[in-house]
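Protein chains: 4
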Amino acid sequence: MTSQHQRLPMEKVFRDPVHDYVYIQHQLILDLINTSEFQRLRRIKQLGTTSLTFHGAEHSRFGHCLGVYEVTRRICDNFARNYPTQTPGDGGWDDKERLVALCAALLHDIGHGPYSHTFEHIFHTDHEALTVQILTSPETEVNQVLRQVAPDFPAKVAAVIQKTYPNPQVVQMISSQIDADRMDYLLRDSYFTGTNYGNFDLTRILRVMKPYQGGITFAMEGMHAVEDYIVSRFQMYMQVYFHPVSRSMEVILDHLLERANDLYQSHSVDAEATPHMLLPFFNNNFTLQDYLRLDDGVLNTYFNHWRDSKDSILADLATRFLDRRPLKSARIDNTTSQLVPELQALIEKAGFNSHYYTDINDSYDLPYDAYDPKMKKPRTQIELMQEDGSLVELSTVSDLVHAITGKVSGDQRFFFPKEMLNGSEQVDLFEAIYQTFQHHIQNDRLII
Amino acid sequence: MTSQHQRLPMEKVFRDPVHDYVYIQHQLILDLINTSEFQRLRRIKQLGTTSLTFHGAEHSRFGHCLGVYEVTRRICDNFARNYPTQTPGDGGWDDKERLVALCAALLHDIGHGPYSHTFEHIFHTDHEALTVQILTSPETEVNQVLRQVAPDFPAKVAAVIQKTYPNPQVVQMISSQIDADRMDYLLRDSYFTGTNYGNFDLTRILRVMKPYQGGITFAMEGMHAVEDYIVSRFQMYMQVYFHPVSRSMEVILDHLLERANDLYQSHSVDAEATPHMLLPFFNNNFTLQDYLRLDDGVLNTYFNHWRDSKDSILADLATRFLDRRPLKSARIDNTTSQLVPELQALIEKAGFNSHYYTDINDSYDLPYDAYDPKMKKPRTQIELMQEDGSLVELSTVSDLVHAITGKVSGDQRFFFPKEMLNGSEQVDLFEAIYQTFQHHIQNDRLII
Amino acid sequence: MTSQHQRLPMEKVFRDPVHDYVYIQHQLILDLINTSEFQRLRRIKQLGTTSLTFHGAEHSRFGHCLGVYEVTRRICDNFARNYPTQTPGDGGWDDKERLVALCAALLHDIGHGPYSHTFEHIFHTDHEALTVQILTSPETEVNQVLRQVAPDFPAKVAAVIQKTYPNPQVVQMISSQIDADRMDYLLRDSYFTGTNYGNFDLTRILRVMKPYQGGITFAMEGMHAVEDYIVSRFQMYMQVYFHPVSRSMEVILDHLLERANDLYQSHSVDAEATPHMLLPFFNNNFTLQDYLRLDDGVLNTYFNHWRDSKDSILADLATRFLDRRPLKSARIDNTTSQLVPELQALIEKAGFNSHYYTDINDSYDLPYDAYDPKMKKPRTQIELMQEDGSLVELSTVSDLVHAITGKVSGDQRFFFPKEMLNGSEQVDLFEAIYQTFQHHIQNDRLII
Amino acid sequence: MTSQHQRLPMEKVFRDPVHDYVYIQHQLILDLINTSEFQRLRRIKQLGTTSLTFHGAEHSRFGHCLGVYEVTRRICDNFARNYPTQTPGDGGWDDKERLVALCAALLHDIGHGPYSHTFEHIFHTDHEALTVQILTSPETEVNQVLRQVAPDFPAKVAAVIQKTYPNPQVVQMISSQIDADRMDYLLRDSYFTGTNYGNFDLTRILRVMKPYQGGITFAMEGMHAVEDYIVSRFQMYMQVYFHPVSRSMEVILDHLLERANDLYQSHSVDAEATPHMLLPFFNNNFTLQDYLRLDDGVLNTYFNHWRDSKDSILADLATRFLDRRPLKSARIDNTTSQLVPELQALIEKAGFNSHYYTDINDSYDLPYDAYDPKMKKPRTQIELMQEDGSLVELSTVSDLVHAITGKVSGDQRFFFPKEMLNGSEQVDLFEAIYQTFQHHIQNDRLII
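Here the protein sequences line up with chains U, X, H and L, keeping their order.
Residue 204 in the UniProt record's numbering sits at position 204 of the first sequence, with consecutive numbering throughout.
Residue 221 in the UniProt record's numbering sits at position 221 of the second sequence, with consecutive numbering throughout.
Residue 170 in the UniProt record's numbering sits at position 170 of the third sequence, with consecutive numbering throughout.
Residue 125 in the UniProt record's numbering sits at position 125 of the fourth sequence, with consecutive numbering throughout.
Don't read these hints as lab results, they were simulated from the structure.
Quick caveat, the model's predicted, so the values are computed rather than measured.
Check each hint, because a few of them may be wrong.
Copies of the same chain look alike in the list, so a pair counts if it fits in one copy or across any two.
Stated by the list, open to error - Under the rule of at most 25 Å between Cα atoms (straight-line distance), these lysine to aspartate or glutamate pairs were calculated in the DMTMM-like manner:
#1 K45 - D296
#2 K45 - D126
#3 K45 - D20
#4 K156 - D77
#5 K310 - E37
#6 K310 - E141
#7 K328 - E11
#8 K12 - E387
#9 K418 - E97
Throw the hints in and build the complete structure from the sequences for me.
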């Protein structure tokens, strides 16, 4: 055990717009923040294409990771002050777990790359596996810092993130249906988008949170605060995360990377604009270091080069992405989705390659679910503790939560070029096609 | 006159965390926002290296430009509602000026490039000249949109930004000691840094603002609100914009670009990492299109390549910049600056090239000044209108403003590697040098 | 028609913590605010005994009334700017209705007295009837001001408040399930209690609000903002308005006034402490002027006198009220309510008059309901307008709203002296009684 | 030592709009809050007549006292965590002082009565002496609670408030130029008025605050935060506390009480409206219990009775006060004050008793002062600690603070009936008098 995980003589702070200050009390945490891998998170936006809908939401994963750390720190403080363990197994909080909890909180997103979900879709990377790799590979600065606590400390931190750590209190702090991660991102995304939907009463939730043998529970008196958090989360999904314009920009991004990959596989990429840092991914043969070089700016820089590509689809998609020219969309369902081939045919007639210029995109989320052992990935349910110590599951006492429990929310949309709705200024020889197309759309839905 | 500058049938909005909503009421404004040149502002941070000190401050110039537009729109609304001109020259507001004011507000920063001041320093570009060029060159999308109002409209908008437009009310809205630009950036930078210092009462200032023949004045009853704005501005400079850590990162950036340029001029840049988009600037021969391709991500991508450079100074500076390893600093003055050569000699002895690893950096600002015809660039002073219509200059009625009027504030600092203070873990053969160095620093100042 | 309802040459403002500024644009509105009847609202708390639970909530009805006016003014502005009527009956907004709407908004609560609901319960007053009387009786300053617009103007304003005014747009602005009254009080009570639950996005709701023939509707795109408002309202009821401690203080207040009335009817009130201003109410024979003399301070002053009453129940209840000594409570339902007589018997044994020291109190609210013609007072439902102009009722498109539609929420509680739970320091001869009592309470509920 | 000052097993909270939560960790504090004397503070407005200018500012002294307690608690927490004393006299914080500090913070204003300054002016009471009496008289509930800690504990708490307590750290926490009292009221009054002027960065100030032998100092790096606090305080005085309308209402209140007193002394008060609770004060012979019966509502109730007085001046002043009919005013100085007798003569001619209807009112405050041993009440100056431990006085390093150090700010005003400016609707036989009067006023000042 080294001085690394001892308390700093005087705490240090980061000024944070969401939590006011983030308090750093261990040299270890400071050293982790100063690693190259962690600093790289400054160059990866938290919300990807959402900033193209909500222009304030340009914040990076760096601030979010500090925020999750800070929420976890406050949970530990509360637990240590009010619920310290007396005898092993009494369900109290053992403050020796603090350091592993703080590290897992800080580093839980360290494996994220630029435009995470889209990048993973095209290049088959996996940010969770990469997180574990960054924690445990001796080559990373993060691993070197963690190892100074103990040789098995990196693996412990990884176990928390992988939910295999034996203490369920620590695991649930970092990942459960009401964890430090979700609590920070709701508040943070709400702050930076400038919407109110993600606001809930963090201080009150932290107050009613209590450890017990099975993990973390909440005092009954805090039921409405927990309910409010679930509703806020639901609303952020509905209003912000599932916004059709952001999803349409993600569709463009997906097809842009797909087109580049297709061209590369067929050796058609222009020589001058070789995307050196992407080659290992086109070749499906990349190292951790290759991955850690990437960030939003690197991808955008290649897109910028591709604006001049001889391939007109690549050039056009790159321009649409950088200059924010979103696709349009309409909701579809099981019935109306049969119309899609017909619409794609019209789009082809209007001069677009429908493979790259249309898409179907689902946005579904389960806002809350009670524990269901039959599910593939059963979720830990939220439980409230009554005065006499008995537990009740949240949706049994909250009408609002009950209303959205176990229900997938969101929609399925068909995306297509804006030109199909507005026509094009220069050419009206497609006018009839546009008219036919538009007859199939009403009140934001396909109609038959 | 085309439909371009007519009102939209229904206003559109952008959700903005600072102003709640930005209201767009003309197709022209919407079209300007959708140009490639304007969208590019999303990829240029408003505060450059300040986000490395205040991690929330990752906002781009895009949001700020919308904000300046919005503040200007509100000023116009207030003027049109309460002070419409009746007869020419009566000092009232002529609402026909609204469109040129709104365009100038929206586009006043369109010429900014990545890491503006540092880039200009090394490559001798000029963002103000480039702004005018973007407005008036027929090749830009911005110019094409503006021309639709009238052939001379782009030049009018440029004239407002260059302060040569005949109507002083329009000019002072956009640039004066209390203009829409400053008002937006104080509030915005305050919001994103998470500090309070830049907060002032925008609604009240907009209420007491009034047009008159000589430009813009403020009702006497609003004196304390204007005073509060000046004090807020002073404090943002002291606390945020002049922060020594951000300045130290700017010093690193400056020397990194300088080193790259030096190497390029001496043909020593590695072939593989050719910074294609920077070549026109190394060659001092760039087009407007070359300039418009640049953004923060492009520069960072080259820095990322340079981490692997065979030139150890370039590689080290690139790493220090991307991984945020700031220099340390101490205040100097006319007397203690004579110590600098001696300290640089020590730094060389400790193994650093003092040309690239040290610097002197001044941060001075004039928080407010009354009009002084003898100055090179006399500023328009802030004037308050009394009940009987007579004007008084702000600093004559506010003790607080008087205290900082005409005084340059800020400091001069000597920047040097952190290793000189902390020593280095591996090597202590420099221990004696470090000791000598440290004797010259006390209470954040050089001492003799 | 006099200058009274013309626009002021320059608008006046009230600084308001909720809406920033309240803008006054007519002399008429200013004159109404300056009446004796309106100023009296400063001395009546908006939330009565709630300030004894949430100490910040000491705000008066005065600010709320200004706020309802301001929200209404903004609705009118939006309607006039975006939906002006072109031909009668086209469903657009006729701005000639503005003045009657603003006056109704400002004055809708003018008939409220101190501790409204409790006072009405004991003395059989009716604040709605009194509001109409204040508007229409020639003796009031309010009536005198209103009459200056037109002789029938007071009656028109009263008609809006009574929902008999012919234009449903005006009526629904002031009273419907999403009106200026509710919108202001949710935001205001949230601000002053310091809770977040009442927050919703007012600006967005005002944006999506539109007039149509049948009254007021909301653009479909604003569905989630309306949903958020309904949920906020539900949560304010659950968390703030139905708080058991505030209700317990209301129970004390109710019994205190009841005891005073009982004593008065039996001629047992002490001579010295004659509550002159209450006599007309004890005598059930009061004038409008008698009513307008009352305020919270007047009642509290009598309570203060009654602390010294020879009647020990009156003195004790007065002291409990002024010194905030709440009763305790437990939830009951149809089954457990049969226990109440038994518990009351125990309470009597412990020395309390159970008539004055216990009570059953229901708090039920219908957070939202669709239109139901079979109801006694059918509510106007909230309708959303789709792109093609068709309307859908809110709960058919919102799962959250659906979950609480038509459901009464709240609880029924049995209130009793705190001593029954804590025992009393001096006396333990009641210990056995307390024990028996406590066996009937578990997890905040009566149990059998 | 009893359980009274031991920590509660689980902390309790008060929801507070300014500090989010106020945390109660000792039974003692809870018991003090529940005393009759403390609960009475709910019925006394913090800002008196200021709520008649800023309608949101209706908050009572109750919340402020909780707030001062909470700020003090946070200071103690920071001191205990970061600067615990090791050996007596080392300048560190001895946490045994916590309880006396918390009690002094909570109770420092317990002696305030309704409309404090005006009441004291007319009836020669002294809220500081009364505070000490409430703490130390065995008859009060507060004293009974405090005595349970130790027999000399009430006197200790009183000593802190009287600044005679030996430990200067405790004294300066509660009263100095930057103490918990001032910090809470600036934030609180700012919140409730809805102005921003009183906002400063409390968290940052608490962070840079440190104990030392001489009391409390601030780390040099926090200089601008302290500066910002001083400037905020200055601005709250200028913008809120010295507002001419509030002062004019105070003038009316003062003359109303004076008139009542004059009438009482000459036995002319109406019998029916005998102000029982004021009699001991008219008679200049009151007990502590008499004093503790008073609150804002009691006074207002008497004013309400006096509306009907046969004395027309008493009735008119009572009506002006309750119905908020402020006097007008103009600034005067040493030169123009000679005009006052002439103006008073005009006012008499226009039918007003100038003794009761005019006044001269000064509002002066010293926003900050360095220590000056020659002053009558020398103030503790604010000192900053440099890295090497040396201290510097604030105004020597802050230009802004220097500008207002030792300067009295505020103005002197002459108050007179509004009728002198507006004329009166009914009567124009005074028109010539009004004209003459108005010639002496320009730009809010008397002119000669």
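Each hint, compared with the structure:
no. : hint        : verdict
1   : K45 - D296  : both (7 Å within a copy, 14 Å between copies)
2   : K45 - D126  : within (17 Å within a copy, 29 Å between copies)
3   : K45 - D20   : both (21 Å within a copy, 22 Å between copies)
4   : K156 - D77  : within (21 Å within a copy, 33 Å between copies)
5   : K310 - E37  : between (36 Å within a copy, 22 Å between copies)
6   : K310 - E141 : between (41 Å within a copy, 22 Å between copies)
7   : K328 - E11  : between (50 Å within a copy, 20 Å between copies)
8   : K12 - E387  : between (39 Å within a copy, 16 Å between copies)
9   : K418 - E97  : neither (54 Å within a copy, 34 Å between copies)
When held up to the earlier numbered hints, the structure conflicts with hint 9 and nothing else.
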